[in-house]
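Colleague: Now for the letters of each chain:
Number of protein chains: 2
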Amino acid sequence: MIRVAVDAMGGDRGPEEIVAGALDARSDDVSPVVVGPRGLDTGGLELLEAEDVVSMDDKPTDAVRSKPNSSMVVACRAVREGKADAVVSAGNTGAMLAASLLEIRRVSGVRRPAIAVTIPSKNGASVLLDAGANADARPEDLVQFAHMGAVFAEEILDVRDPQIRLLSIGEEAEKGNQLTLEAHELLSASELNFAGNTEGRDLLGGGADVVVTDGFTGNVALKLLEGTIRNLLDAFREEITATARGKLGGLLIRPAARRLRSRLDPDTYGGAYLLGLRGLAVIAHGNSSRRAIANAIRLAARGVDHDVVGRLAQRVGDTVLESSASTTPTPT
Amino acid sequence: MIRVAVDAMGGDRGPEEIVAGALDARSDDVSPVVVGPRGLDTGGLELLEAEDVVSMDDKPTDAVRSKPNSSMVVACRAVREGKADAVVSAGNTGAMLAASLLEIRRVSGVRRPAIAVTIPSKNGASVLLDAGANADARPEDLVQFAHMGAVFAEEILDVRDPQIRLLSIGEEAEKGNQLTLEAHELLSASELNFAGNTEGRDLLGGGADVVVTDGFTGNVALKLLEGTIRNLLDAFREEITATARGKLGGLLIRPAARRLRSRLDPDTYGGAYLLGLRGLAVIAHGNSSRRAIANAIRLAARGVDHDVVGRLAQRVGDTVLESSASTTPTPT
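Chains as they are written, first to last, in this note's numbering: chain F, 1246 to 1577; chain S, 1246 to 1577.
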């Protein structure tokens, strides 16, 4: 039985929506543990009490330090203490990052955790990281992100020997900024299945299983992708409903539009992984629906089932040993 | 009469398409000058001879140095020599950047030129810069981009007192990477109409007249925007044509789809400005159609008519004086 701690007080839609999602995700293998205030109606799910709440407006680090009994921090602590195998929160992303760093802590050897987001694409899904855990990154961080993304692609997306690409401004190795030029060299020299740069235009087109970037670029790209999809679908609806002919056509294509929306719906994936921690943490959208929460819990459970944390620790450990071996002169 | 030098050998569609666009753009006020090999059929337009060609695969700086008689370099030189008031090329962007830096040169005080791209948005258009002239930028560069973008918005987009925003990963001042955090401070302290950060999700939604970013992020964002629009429209067509009902609906919404496409069509704007040079240069898409070329020529002519170069030089000059005045101790 996989136990997933769910922060009932995170998210814009209130605890009822979260509890409903948790109930939907309950199965023979998955047991959600609701974290929230005493007296909360959990529909029969186990309750882990936490009186305080981190709000969307709280400053991340302050909130986490000043609210050790908030549902978010208690949910993360449950993972460290073994009361849960994973944690899901739809709360303040920055605070969730701070809470999980404080309570779950980094895997030894991991320099910086990364937010890994699943991107729907033509040929199945790919994973983009870092989507915003750290705004600034060094070239070596990007190499670690690549290893972490490879574990995610293998275990969560079921891809064998995933292909890695570096998000840049041209496919040629010499196109990029200082960060990506250096990262390109390091990635080429690594044992990773590195296929070179990819450009923004190919993000939705597939072509890479893992797309590596710094958290600033990744966050701008992810929000741009979401915003463009929303703006474009809105603009299309506007044009269609502008004429009677269009309205009739709009009725006829409604099922097609629904299929497209579900292909692109972030709720399908439920949330983003925080990779590089000693426990499994999933960050769901603030506006998560019941369906999104249920999928986020399933996503977290899948990560536990596939031992993403253990495999990642193993892989990063090997890489650290390997790179220190190659830089340490061998005694002869 | 505004004379615009047009590189006939740049672009993927060949000189016939370019010449056709130039003929379309010819008017009582605009006189395109075709730059290409002797004997090229210009349909009666003036020909400036240039035997060599910069190809899309050429390395920018090498190509420009080794091909001083290429159509691209000759077209840029025509601006410096006063034979033309502006230049338009749909050729290799990197080479065009190198050629215009070499031949037209930077405005005194401008640290780095920037590529300014018009983005269609809900509330009219906005300008994004730098879209890729330089991969790395310093905070002070972003402030100059803001001034340059303000001139563009005033003169080309007809916006009074344009609002500037900084592309970042959250609206709050403390969200961003090292570059944007420092740029935010400088922008706030400037006399610009700076309205704070904007996120990727708002790029198509309007809200800022000028969006400032470094060339790496700007280029990733621009290509992501283009790719997402294309991928999404393709995916929609795919879903619609999957059923008979959808196909019928598709026929009915065809005019709406066409309106949407033209709202988003990059050909409407024709090209991107290279801002910060002593002459006016417009870079058109490699795949520019006749219509795109004609619009790029009109865009260039509008820039000449509104003296974008002069106003930009004046504004940057004032800013340079002002900032050196504020850092130089006043003798008392």
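Some clues are possibly wrong.
Since the list gives no way to pick one copy over another, a pair counts as held whenever it fits inside one copy or between any two copies.
Here are the computed lysine-lysine pairs in the BS3-like style, where the Cα-Cα straight-line distance is at most 25 Å [said to hold, decoys possible]:
| hint | residue 1 | residue 2 |
| --- | --- | --- |
| 1 | K1304 | K1420 |
| 2 | K1492 | K1367 |
| 3 | K1420 | K1328 |
| 4 | K1328 | K1492 |
| 5 | K1304 | K1367 |
| 6 | K1328 | K1304 |
| 7 | K1367 | K1328 |
| 8 | K1492 | K1420 |
| 9 | K1304 | K1492 |
In short, the hints are calculated from the structure, not lab data.
Colleague: For which of the previously enumerated hints does the structure constitute a violation, in increasing order of number?
Modeller: Going through the list in order, the structure violates hints 3, 4, 5, 6, 7, 8 and 9 and respects the others.
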